[in-house]
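Undergrad: Take the sequences, apply the hints, and build the full model.
Chains as they are written, first to last, in the numbering used here: chain B, 1 to 290; chain R, 1 to 580.
There may be inaccurate statements among the hints.
Heads up, simulated DSS-like pairs for lysine-lysine below, C-alpha to C-alpha not over 30 Å straight-line [as the list claims (entries may be wrong)]: (1) B/Lys14 to R/Lys404; (2) B/Lys14 to R/Lys408; (3) B/Lys14 to R/Lys399; (4) B/Lys11 to R/Lys399; (5) R/Lys118 to R/Lys22; (6) R/Lys390 to B/Lys11; (7) B/Lys14 to B/Lys130; (8) B/Lys14 to R/Lys390; (9) R/Lys408 to B/Lys11; (10) R/Lys404 to B/Lys11.
Residues from chain B that keep clear of chain R, each with C-beta distances beyond 10 Å, as calculated [said to hold, decoys possible]: (11) Lys11; (12) Thr143; (13) Thr146; (14) Ser150; (15) Val155; (16) Asn156; (17) Ala159; (18) Asp207; (19) Glu224; (20) Gln235; (21) Leu241; (22) Asp255; (23) Ala257.
These are computed hints drawn from the structure, not numbers from a lab.
The C-beta atom is built at its ideal place from N, Cα and C for all residues, glycine as well.
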Amino acid sequence: MSSNVRFTDFKSDKQPTWCPGCGDFGTMNGMMKALANTGNAPDDTFVVAGIGCSGKIGTYMRSYALHGVHGRALPVGTGVKVANPDLEVMVAGGDGDGYSIGVGHFIHAVRRNIDITYVVMDNRIYGLTKGQASPTSRSDFETATTPEGSKQPPVNPLALALSAGGSFIAQSFSSHAQRHTEIIEEAIEHDGFSLVNTFSPCVTFNDVDTYDYFRDSLVDLGGEDAEYDPSDREQAKDKILDSEKEYMGILYQDDDAQSYEQSHGVDGNMADIDTDGAPEGAMDLVREFY
Amino acid sequence: MHEDLNWAIGGEAGDGIDSTGKIFAQALSRAGRHVFTSKDFASRIRGGYTAYKVRTSVDKVRSVVDRLDVLIALTERTVEENLDELHDGSVIIYDGERTEFSDFEAPNEVTGLDVPLKSLAEDAGGAIMRNVVALGAVCEVAGFPIENLDESLEKKFGGKGEKIVENNKKAARLGAEYVEEEFDLAFDFDLETTDNDYVLLNGDEAIGMGAIAAGCKFYAGYPITPATDVMTYLKGRIENFGGHVVQAEDELAAINMALGAARAGARSMTATSGPGIDLMTETFGLVATSETPLVITNVMRSGPSTGMPTKQEQGDLNQMLYGGHGEIPRFVLAPTTVAECFWKTIEAFNLAEKYQTPVYLTADLAMAVTEQTFEPEKFDMDAVEIDRGKVVDEDDISKWQNEKDQFKPHAVTADGVSPRAFPGTEGGVHMSTGLEHDELGRRTEDVDVRVEQVDKRQQKVTTAEEEEDFSYREFGNPDSDNLVISWGSNEGTLIEAMDYLDQEDVDVRFLSVPYVFPRPDLTEDVEAAEDVIVVECNATGQFADLIEHDTLTRVKRVNKYNGVQFKADELAEDIREELA
Numbered sequence: 001m002s003s004n005v006r007f008t009d010f011k012s013d014k015q016p017t018w019c020p021g022c023g024d025f026g027t028m029n030g031m032m033k034a035l036a037n038t039g040n041a042p043d044d045t046f047v048v049a050g051i052g053c054s055g056k057i058g059t060y061m062r063s064y065a066l067h068g069v070h071g072r073a074l075p076v077g078t079g080v081k082v083a084n085p086d087l088e089v090m091v092a093g094g095d096g097d098g099y100s101i102g103v104g105h106f107i108h109a110v111r112r113n114i115d116i117t118y119v120v121m122d123n124r125i126y127g128l129t130k131g132q133a134s135p136t137s138r139s140d141f142e143t144a145t146t147p148e149g150s151k152q153p154p155v156n157p158l159a160l161a162l163s164a165g166g167s168f169i170a171q172s173f174s175s176h177a178q179r180h181t182e183i184i185e186e187a188i189e190h191d192g193f194s195l196v197n198t199f200s201p202c203v204t205f206n207d208v209d210t211y212d213y214f215r216d217s218l219v220d221l222g223g224e225d226a227e228y229d230p231s232d233r234e235q236a237k238d239k240i241l242d243s244e245k246e247y248m249g250i251l252y253q254d255d256d257a258q259s260y261e262q263s264h265g266v267d268g269n270m271a272d273i274d275t276d277g278a279p280e281g282a283m284d285l286v287r288e289f290y
Numbered sequence: 001m002h003e004d005l006n007w008a009i010g011g012e013a014g015d016g017i018d019s020t021g022k023i024f025a026q027a028l029s030r031a032g033r034h035v036f037t038s039k040d041f042a043s044r045i046r047g048g049y050t051a052y053k054v055r056t057s058v059d060k061v062r063s064v065v066d067r068l069d070v071l072i073a074l075t076e077r078t079v080e081e082n083l084d085e086l087h088d089g090s091v092i093i094y095d096g097e098r099t100e101f102s103d104f105e106a107p108n109e110v111t112g113l114d115v116p117l118k119s120l121a122e123d124a125g126g127a128i129m130r131n132v133v134a135l136g137a138v139c140e141v142a143g144f145p146i147e148n149l150d151e152s153l154e155k156k157f158g159g160k161g162e163k164i165v166e167n168n169k170k171a172a173r174l175g176a177e178y179v180e181e182e183f184d185l186a187f188d189f190d191l192e193t194t195d196n197d198y199v200l201l202n203g204d205e206a207i208g209m210g211a212i213a214a215g216c217k218f219y220a221g222y223p224i225t226p227a228t229d230v231m232t233y234l235k236g237r238i239e240n241f242g243g244h245v246v247q248a249e250d251e252l253a254a255i256n257m258a259l260g261a262a263r264a265g266a267r268s269m270t271a272t273s274g275p276g277i278d279l280m281t282e283t284f285g286l287v288a289t290s291e292t293p294l295v296i297t298n299v300m301r302s303g304p305s306t307g308m309p310t311k312q313e314q315g316d317l318n319q320m321l322y323g324g325h326g327e328i329p330r331f332v333l334a335p336t337t338v339a340e341c342f343w344k345t346i347e348a349f350n351l352a353e354k355y356q357t358p359v360y361l362t363a364d365l366a367m368a369v370t371e372q373t374f375e376p377e378k379f380d381m382d383a384v385e386i387d388r389g390k391v392v393d394e395d396d397i398s399k400w401q402n403e404k405d406q407f408k409p410h411a412v413t414a415d416g417v418s419p420r421a422f423p424g425t426e427g428g429v430h431m432s433t434g435l436e437h438d439e440l441g442r443r444t445e446d447v448d449v450r451v452e453q454v455d456k457r458q459q460k461v462t463t464a465e466e467e468e469d470f471s472y473r474e475f476g477n478p479d480s481d482n483l484v485i486s487w488g489s490n491e492g493t494l495i496e497a498m499d500y501l502d503q504e505d506v507d508v509r510f511l512s513v514p515y516v517f518p519r520p521d522l523t524e525d526v527e528a529a530e531d532v533i534v535v536e537c538n539a540t541g542q543f544a545d546l547i548e549h550d551t552l553t554r555v556k557r558v559n560k561y562n563g564v565q566f567k568a569d570e571l572a573e574d575i576r577e578e579l580a
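TA: Encoded structure:
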């Protein structure tokens with residue numbers, strides 16, 4: 001662990017424009033602390049963000065970063081990581097970015113098991129467009145576009161990840177600063193794709209899934225005295241599909257799963273190329289066509 | 001005796017048409033003959049009609065013609081589809097046990113050779129080798145020494161063991177012997193061999209090879225006809241050069257992965273066709289606005305929508321030139337031959353990095369999936385040059401930092417090009433975004449900064465126009481009053497069409513334009529000519545529109561959009577009509 005990087009090194013000089021009290025502050029603080037605590041430096045970190053309130057995170061953090069188009073943050077992160085596996089790649093998005101427009105990429109990023117950390121700031125609402133139903137909104141949650149509720153079951157991102165072969169599936173809460181940081185640290189250190197679905201309440205547009213709701217209802221599976229074993233897939237399935245309760249902590253972790261980099265032999269920084277001309281041995285490619 | 005031979009094998013998808021055709025094309029190439037191939041194929045795995053056609057000569061061949069001399073017909077439909085191309089003296093090889101031709105009105109002097117392909121193949125070790133029996137029969141008919149097939153058979157079947165190779169060689173000889181013994185005919189063909197060395201490859205392969213030569217290490221793509229061969233070429237080869245191929249879940253992911261890799265500093269590419277370009281257009285503006293170097297290959301096929309996926313068209317010009325909301329600086333390169341696919345790919349990577357801009361590299365079906373022979377010197381790896389543009393390292397990063405030591409990835413400069421720091425570079429930390437941004441890459445709606453950033457991105461194109469040589473390739477009589485202009489893959493066909501025109505004392509000046517944007521200014525050339533004809537494979541004349549726009553002069557148009565590439569004789573006729 002590097003001792004000379006502090007979490008404030010990951011903070012940019014831009015002041016966030018999130019609403020006062022927004023859960024995204026806590027979510028981002030945990031990310032910065034976890035990055036510093038795991039020995040990463042801004043020079044070697046790449047943050048990718050999508051569109052929505054969550055998408056602004058690249059501006060408020062200090063690292064190499066790209067703020068991309070809506071829903072495609074995971075493919076960008078995948079490209080960054082494959083091109084330079086030495087970089088710490090963290091992808092941030094919201095529930096709309098990740099589970100609506102980007103849900104196809106989500107499933108495949110989980111399957112690929114590439115070593116990136118995906119933090120979803122889940123507020124169960126579209127905030128930046130001023131309060132429409134999101135894929136994780138409750139079915140009876142009334143909004144301007146769903147005045148009688150969506151009448152559809154919310155997406156269960158943890159279940160999607162589990163069914164797609166996820167090797168690290170966690171849920172966190174922006175307000176539990178210490179636990180949130182610990183969970184993201186575990187996610188960073190996991191060798192493979194890590195999902196941290198982070199409840200990040202919207203204080204302006206969501207009066208149902210509030211700080212109070214999560215504080216009162218979330219059951220923490222980790223922390224001190226915990227007896228929960230995240231390597232038990234059957235147990236994880238029961239928790240993830242439990243319709244009575246919601247959990248936080250690491251619900252499932254498979255330490256034996258091979259990361260994409262391992263299974264595909266991806267290593268080395270692709271930015272390094274021979275600038276004198278074609279790479280050595282290129283003439284063999286021509287000979288093949290004789 | 002014909003100077004060239006036009007040969008084809010046709011049957012149903014699943015009959016092994018493609019691999020059989022390739023074996024023969026390779027044998028011809030190795031025997032020092034030039035080869036130009038074309039394919040009739042449908043978007044299906046089995047059934048239907050598919051054919052692999054080969055035109056071969058000791059001289060360079062650049063196009064297909066409307067003539068078939070020797071045809072292996074595995075189905076009746078193969079004959080039906082090619083009736084117009086058969087002529088007196090053509091030879092059809094077929095297996096009477098599978099195929100009957102009684103109903104066709106083929107020209108009188110077409111010779112049908114009923115060769116028991118299947119049973120001879122069984123004699124050699126298995127019915128699966130019936131196409132090779134047919135190739136042996138072709139060698140006998142065409143006066144092509146059968147030993148020339150051996151090396152191609154070894155290359156094709158070597159991995160399956162010596163026994164299989166030997167069986168195939170035997171199958172070929174049984175086919176040849178059968179023709180020799182059973183038919184007392186003197187055929188009009190004698191395929192001369194030479195000591196020349198040629199390479200045989202298609203446009204997709206040339207693009208893939210060009211990418212590796214250019215130092216491309218990352219490719220992400222989603223399978224689509226006719227661009228898939230780029231990915232299959234790279235897979236298994238790029239890894240030997242430290243690269244990697246990702247098969248993405250869709251084209252949206254493919255371009256975003258390629259974008260991510262490019263942000264990390266890799267030379268990065270994706271390839272697709274029209275429907276994929278539609279999806280990638282979502283991210284195209286981000287690539288340009290974040291000033292990320294990226295090569296996007298578009299192997300065009302017939303559109304719109306799903307169109308005719310296995311048919312030729314040059315219909316995406318406007319899409320590449322104008323696609324995406326807002327105003328997006330870009331480059332559009334359109335190589336005019338398979339060999340040029342190699343060089344333009346390398347140029348595309350250099351332009352992308354020098355100007356930190358997306359580059360469309362476009363080929364089309366007619367060039368991408370058909371094998372052609374070239375002198376190996378056309379792919380001289382020693383001549384490859386790499387220009388990575390303004391990459392800065394730790395030592396000179398401070399020049400590009402502001403007073404707070406923040407790096408400026410979108411610094412406003414005279415030439416419009418900003419410094420580029422790869423992630424991992426100390427002091428180079430920065431972000432970028434699809435939002436309008438300041439020099440630091442941070443969102444802004446400041447009116448002055450907005451104008452400054454739009455202008456600097458546009459300035460890159462202006463700088464490139466000044467510094468690069470976006471020229472054309474010229475053929476024919478430079479003083480002719482008849483000016484023919486084309487873009488992309490029609491070059492070879494036009495050169496051969498000029499031979500036909502020459503026979504009738506019609507001369508033309510032909511400009512083959514490999515740059516769609518920025519492109520050469522043809523105003524003087526157009527003004528100097530009496531007649532100007534723009535030739536392209538689309539219905540509306542998209543390139544002709546650009547020429548009219550540039551030169552303020554009306555031009556004549558020759559368009560073809562039935563899904564089949566131009567043929568030299570037909571194109572000569574079209575041009576003659578326009579000139580009349």
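Undergrad: Hints broken by the structure, by number, lowest first?
TA: none
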